[in-house]
Amino acid sequence: MAGDLLRFTTAGSVDDGKSTLIGRLLLDSKAILEDQMAAIERASRSRGDPYLDLALVTDGLRAEREQGITIDVAYRYFATPRRKFIIADTPGHIQYTRNMVTGASTADLAVILIDARNGVVTQSKRHGFIASLLGIPHIVVAVNKMDLVDYRQEVFEAIAAEYRAFASKLNVPDLTFIPISALRGDNVVTPSPAMPWYDGPTLLHYLEHVHVGAGRNLVDFRFPVQMAIRSHPDFRGYAGQIASGTIMPGEEVLILPSGQMSRVREIVVYGGTLAEAAAGDSVILRLADELDVSRGDMIVRRHNLPLVADRLECTLCWMSEEPLRLGAPYIVQHTTRQVIGQISTLNYRIDVDTLHREPAATLQLNEIGRVLLETARPLCCDPYAVNRATGGFILIDPSTNNTVAAGMIRRAAQNGIVAFQPPRPHSSDVAWEEATISRAAREARNGHAAAVLWLTGLSGSGKSTIARLLERRLFTQGVQTFRLDGDNVRHGLNGDLGFSPADRQENIRRVAEVAKLAFEHGAVVLCTFISPFRRDRDFARSLIPAGRFFEIYVKCDVATCEARDPKGLYARARRGEIPEFTGVSSPYEEPTAPELIADTETRSAEEIVEEILALLRARGILRG
Amino acid sequence: MSDYTRTHLQQLEAEAIYVLREVAAQFERPVLLFSGGKDSILLVHLSRRAFWPARIPFPLLHIDTGHNFPETLAFRDRLVAQMGVQLLVRYVQDSIDRGRVVEERGPTASRNALQTVTLLDALVELRADAAIGGARRDEEKARAKERFFSHRDRFGQWDPKNQRPELWNLYNGRKAPGEHFRVFPLSNWTELDIWQYVQEQGIELPSLYFAHRRDVFSRDGTLLAVSPYLPLLPGEKVENKLVRFRTIGDMTCTGAVESTATTVAEVIAELAAARTTERGTRADDRRSETAMEDRKRQGYF
Numbered sequence: 001m002a003g004d005l006l007r008f009t010t011a012g013s014v015d016d017g018k019s020t021l022i023g024r025l026l027l028d029s030k031a032i033l034e035d036q037m038a039a040i041e042r043a044s045r046s047r048g049d050p051y052l053d054l055a056l057v058t059d060g061l062r063a064e065r066e067q068g069i070t071i072d073v074a075y076r077y078f079a080t081p082r083r084k085f086i087i088a089d090t091p092g093h094i095q096y097t098r099n100m101v102t103g104a105s106t107a108d109l110a111v112i113l114i115d116a117r118n119g120v121v122t123q124s125k126r127h128g129f130i131a132s133l134l135g136i137p138h139i140v141v142a143v144n145k146m147d148l149v150d151y152r153q154e155v156f157e158a159i160a161a162e163y164r165a166f167a168s169k170l171n172v173p174d175l176t177f178i179p180i181s182a183l184r185g186d187n188v189v190t191p192s193p194a195m196p197w198y199d200g201p202t203l204l205h206y207l208e209h210v211h212v213g214a215g216r217n218l219v220d221f222r223f224p225v226q227m228a229i230r231s232h233p234d235f236r237g238y239a240g241q242i243a244s245g246t247i248m249p250g251e252e253v254l255i256l257p258s259g260q261m262s263r264v265r266e267i268v269v270y271g272g273t274l275a276e277a278a279a280g281d282s283v284i285l286r287l288a289d290e291l292d293v294s295r296g297d298m299i300v301r302r303h304n305l306p307l308v309a310d311r312l313e314c315t316l317c318w319m320s321e322e323p324l325r326l327g328a329p330y331i332v333q334h335t336t337r338q339v340i341g342q343i344s345t346l347n348y349r350i351d352v353d354t355l356h357r358e359p360a361a362t363l364q365l366n367e368i369g370r371v372l373l374e375t376a377r378p379l380c381c382d383p384y385a386v387n388r389a390t391g392g393f394i395l396i397d398p399s400t401n402n403t404v405a406a407g408m409i410r411r412a413a414q415n416g417i418v419a420f421q422p423p424r425p426h427s428s429d430v431a432w433e434e435a436t437i438s439r440a441a442r443e444a445r446n447g448h449a450a451a452v453l454w455l456t457g458l459s460g461s462g463k464s465t466i467a468r469l470l471e472r473r474l475f476t477q478g479v480q481t482f483r484l485d486g487d488n489v490r491h492g493l494n495g496d497l498g499f500s501p502a503d504r505q506e507n508i509r510r511v512a513e514v515a516k517l518a519f520e521h522g523a524v525v526l527c528t529f530i531s532p533f534r535r536d537r538d539f540a541r542s543l544i545p546a547g548r549f550f551e552i553y554v555k556c557d558v559a560t561c562e563a564r565d566p567k568g569l570y571a572r573a574r575r576g577e578i579p580e581f582t583g584v585s586s587p588y589e590e591p592t593a594p595e596l597i598a599d600t601e602t603r604s605a606e607e608i609v610e611e612i613l614a615l616l617r618a619r620g621i622l623r624g
Numbered sequence: 001m002s003d004y005t006r007t008h009l010q011q012l013e014a015e016a017i018y019v020l021r022e023v024a025a026q027f028e029r030p031v032l033l034f035s036g037g038k039d040s041i042l043l044v045h046l047s048r049r050a051f052w053p054a055r056i057p058f059p060l061l062h063i064d065t066g067h068n069f070p071e072t073l074a075f076r077d078r079l080v081a082q083m084g085v086q087l088l089v090r091y092v093q094d095s096i097d098r099g100r101v102v103e104e105r106g107p108t109a110s111r112n113a114l115q116t117v118t119l120l121d122a123l124v125e126l127r128a129d130a131a132i133g134g135a136r137r138d139e140e141k142a143r144a145k146e147r148f149f150s151h152r153d154r155f156g157q158w159d160p161k162n163q164r165p166e167l168w169n170l171y172n173g174r175k176a177p178g179e180h181f182r183v184f185p186l187s188n189w190t191e192l193d194i195w196q197y198v199q200e201q202g203i204e205l206p207s208l209y210f211a212h213r214r215d216v217f218s219r220d221g222t223l224l225a226v227s228p229y230l231p232l233l234p235g236e237k238v239e240n241k242l243v244r245f246r247t248i249g250d251m252t253c254t255g256a257v258e259s260t261a262t263t264v265a266e267v268i269a270e271l272a273a274a275r276t277t278e279r280g281t282r283a284d285d286r287r288s289e290t291a292m293e294d295r296k297r298q299g300y301f
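Going down the list, the sequences are from chains F and A. Here the first sequence stands for residues 1 to 624, where the numbers follow the working numbering. Here the second sequence stands for residues 1 to 301, where the numbers follow the working numbering.
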């Protein structure tokens with residue numbers, strides 16, 4: 001069968017008859033088989049429905065059947081001799097925007113249902129807006145339940161006129177209206193004898209014949225590298241799926257973001273090579289030169305370049321119960337690349353029903369806004385309107401690993417374009433730079449020894465308060481200090497880490513290494529980290545010479561910490577908003593042999609600072 | 001001017017290869033769950049295509065119930081040799097011997113459900129962070145909402161209410177230690193697509209998929225093969241019929257259909273006219289309306 005493939009999405013509120021329409025398409029194209037039909041009949045009967053409930057076809061999970069609603073995107077399949085179809089069936093109700101955006105992201109066409117009795121309602125507009133936002137090239141408005149308005153032409157015409165006026169404000173390249181009755185089958189698969197005034201195609205006929213290439217960019221060659229493939233004797237190639245454009249052997253290409261140049265030597269597929277490959281093909285490119293190319297790089301034509309930018313204006317659809325945190329680190333997954341980024345500005349929120357722009361402090365679940373995205377390393381991308389494959393990205397919350405947002409790039413922001421960077425040496429080739437000035441020399445000049453003071457304890461136990469006070473005292477005595485604070489490093493150095501045990505371990509590993517660097521430069525390093533796990537603290541200790549590491553247990557009962565709760569974190573943890581919160585939902589392992597126990601329930605911060613200073617003098621770190 | 005249109009099979013193949021490469025790139029220790037059925041055989045062929053001329057970079061993992069059709073094992077061993085891929089086998093019998101699971105009793109006993117424990121134990125043992133499976137969304141209603149990258153918690157469980165949204169072709173494989181992913185490269189294929197691809201690419205399948213004479217008996221409307229694992233109930237009688245299997249799993253729950261289709265083309269013609277779905281021959285799905293969903297939650301394939 002030489003038929004091609006159409007992916008479409010269906011949108012409608014619960015009473016528009018969307019499920020019935022899909023059931024009708026599947027039934028009339030014989031995609032529903034006898035045993036499924038029997039199951040539907042059984043279920044219809046057990047619910048006491050007098051008629052065959054076609055909606056049950058699309059009703060998947062138990063939770064949905066129990067509540068009588070659908071809660072997620074479901075995919076359905078049917079085929080006619082002309083074409084295979086994949087339906088992304090997106091339900092109404094809660095989480096509507098999130099679901100429709102998900103379903104629309106891979107669709108070439110959207111079917112929007114409107115109940116002929118109700119006409120154009122707010123939701124119908126919302127569906128059109130989201131479809132245009134996601135760059136779906138074809139929209140079909142199916143005006144359903146025509147049987148309930150006596151198949152009157154003027155009802156259909158009025159709805160079509162109203163919707164057309166609305167859609168003129170959107171970017172919709174192709175808009176079609178079809179009057180149907182899903183329940184009775186009018187104009188779904190077979191033309192309706194009840195609507196002789198309509199001479200357009202039936203819905204299925206339209207779906208079978210619509211041109212599907214419209215969403216496919218065949219101009220701009222973009223090849224995100226998935227992985228390098230090596231095989232002996234000396235085969236080396238780069239595997240990926242061509243995101244857009246076409247390519248032939250011999251063409252000059254550029255590797256981004258490094259800016260290296262080469263030529264395509266061959267295009268390899270299983271068992272042979274190709275004379276040309278195009279958007280959508282999964283291939284392996286071999287280059288004429290031996291270059292350092294790896295996952296996340298993008299191969300493009302020399303004279304057709306994407307944006308290489310680290311500041312981008314985007315439209316963002318928020319998909320998580322946890323609202324957007326401006327300035328917080330998120331992982332940006334774009335083509336085959338993951339980089340750290342943040343949303344630094346929220347310009348405005350878009351009311352999906354009225355299309356009005358409104359000021360907002362954050363984005364909540366199902367909200368859409370215009371934002372500025374900044375990334376730690378540049379993205380090789382195109383505006384979404386030009387290239388869906390290289391213009392979309394997702395945001396991942398590093399603390400939960402959940403996908404929290406879908407983004408569509410509009411353009412590079414001011415000063416956002418990055419010049420190509422020359423290739424950087426691979427980190428494994430970096431030689432350790434011997435300090436030419438020894439620690440002993442620095443200590444001699446400083447007049448004190450270097451040391452690492454590691455303050456561990458629950459959130460709210462008083463670590464930072466003690467460290468701030470202590471640092472001021474040391475500073476006034478002319479001591480070289482260096483302070484590492486748990487909250488601060490998570491904004492930058494460790495912005496990609498969450499609070500799972502593995503991430504906590506990595507967090508401590510990194511700061512311990514930084515502490516060691518500062519120590520080697522002669523500083524008294526003050527570290528304030530909850531560092532709940534003994535193993536991690538022991539690791540930090542292992543990096544520092546004996547007698548120079550001071551584990552200070554800032555001790556305080558969890559109830560007292562919770563009563564203090566200076567950052568409101570305990571309250572949030574109790575509400576379940578912060579998973580794996582030490583003392584609430586994650587353990588704290590008390591130090592077994594700390595150099596000092598600082599009990600903040602019985603003593604003041606000032607007293608404790610005095611005690612630490614005395615300890616440092618006694619151990620020869622500070623001069624007596 | 002070149003022709004850039006692609007058939008639906010070419011598009012499905014390119015998508016599956018993309019997903020398989022994402023698995024190899026995003027995970028450290030993936031395994032391919034091999035059942036001996038046509039979908040997992042196809043996955044092996046697609047993996048070969050995804051990484052050629054390099055070798056398939058992950059092992060096959062077969063959870064053996066001990067109740068296999070002998071043809072399945074012979075075919076498996078030949079395929080493994082042909083592809084030069086590593087095969088790991090873990091046995092439900094070992095889980096029973098170790099007391100991890102208790103064997104079902106009675107005439108309808110099946111080891112199908114027990115497989116889940118053996119599978120999850122094997123994933124822990126191998127420290128597998130991704131398990132590639134051949135499941136398709138068209139097979140069963142609980143699968144219609146499955147993701148390509150399906151997140152499983154520390155206990156291997158699937159929570160249908162807490163799945164990550166999956167947009168474009170951006171698959172988020174990030175996870176906490178101990179968690180893993182099930183990955184389904186064939187999500188968008190239908191049974192007919194599988195057979196058309198088998199025909200187009202000349203892929204060899206086990207003889208069980210084609211019409212042959214076999215001793216069978218009917219139970220609850222399903223034709224089951226006579227085997228030592230499945231004692232007959234009073235009143236059930238053995239007949240010798242011309243049958244083939246549409247799915248291949250454990251002998252105790254895989255039903256046959258009467259068929260005369262001896263070639264791939266005849267199977268396709270038969271499917272085009274078929275009036276029951278593929279899993280309609282699976283006794284395990286019929287235990288209740290939500291049998292598949294319940295098993296998936298527990299970590300089934």
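Hints listed in this document are in silico derivations from the structure and should not be mistaken for laboratory results. The structure displayed is predicted, hence computed values, not measured ones. For each residue, glycine too, the CB sits at the ideal point set by N, CA and C. Take these hints with a grain of salt, some might be off.
Label pairs and their calculated CB-CB ranges [unchecked claim]:
(1) F/Gly259 to A/Phe155: 45 to 51 Å
(2) F/Gly259 to A/Arg55: 29 to 35 Å
(3) F/Glu513 to A/Arg127: 39 to 45 Å
(4) F/Leu274 to A/Ala81: 43 to 49 Å
(5) F/Ala161 to A/Phe155: 41 to 47 Å
(6) F/Ala275 to A/Met83: 43 to 49 Å
(7) A/Phe155 to F/Arg357: 42 to 48 Å
In this structure, is the beta-carbon distance linking F/Glu513 and A/Arg127 contained in 39 to 45 Å?
Once the Cβ atoms are compared, 26 Å apart, the range 39 to 45 Å for A/Arg127 and F/Glu513 is violated.
Determine whether the Cβ-Cβ distance between A/Phe155 and F/Arg357 falls within the hinted range of 42 to 48 Å.
Roughly 45 Å apart at Cβ, these two residues keep to the hinted range, so it holds.
Range hint compliance [Cβ, F/Gly259 to A/Arg55, 29 to 35 Å]
At roughly 33 Å between Cβ atoms, A/Arg55 and F/Gly259 fall inside 29 to 35 Å, so the hint holds.
Between F/Ala161 and A/Phe155, is the Cβ distance one that fits in 41 to 47 Å?
Violated - the Cβ-Cβ distance for F/Ala161 and A/Phe155, about 56 Å, lies outside 41 to 47 Å.
Range first: 45 to 51 Å. Now tell me if the beta carbons of F/Gly259 and A/Phe155 are that far apart.
47 Å, holds
C-beta pair F/Ala275, A/Met83: status relative to the range 43 to 49 Å that was hinted
28 Å, violated
Range hint 43 to 49 Å (beta carbons of F/Leu274 and A/Ala81) holds or violated
29 Å, violated
The structure shown violates the earlier hints numbered 3, 4, 5, 6.
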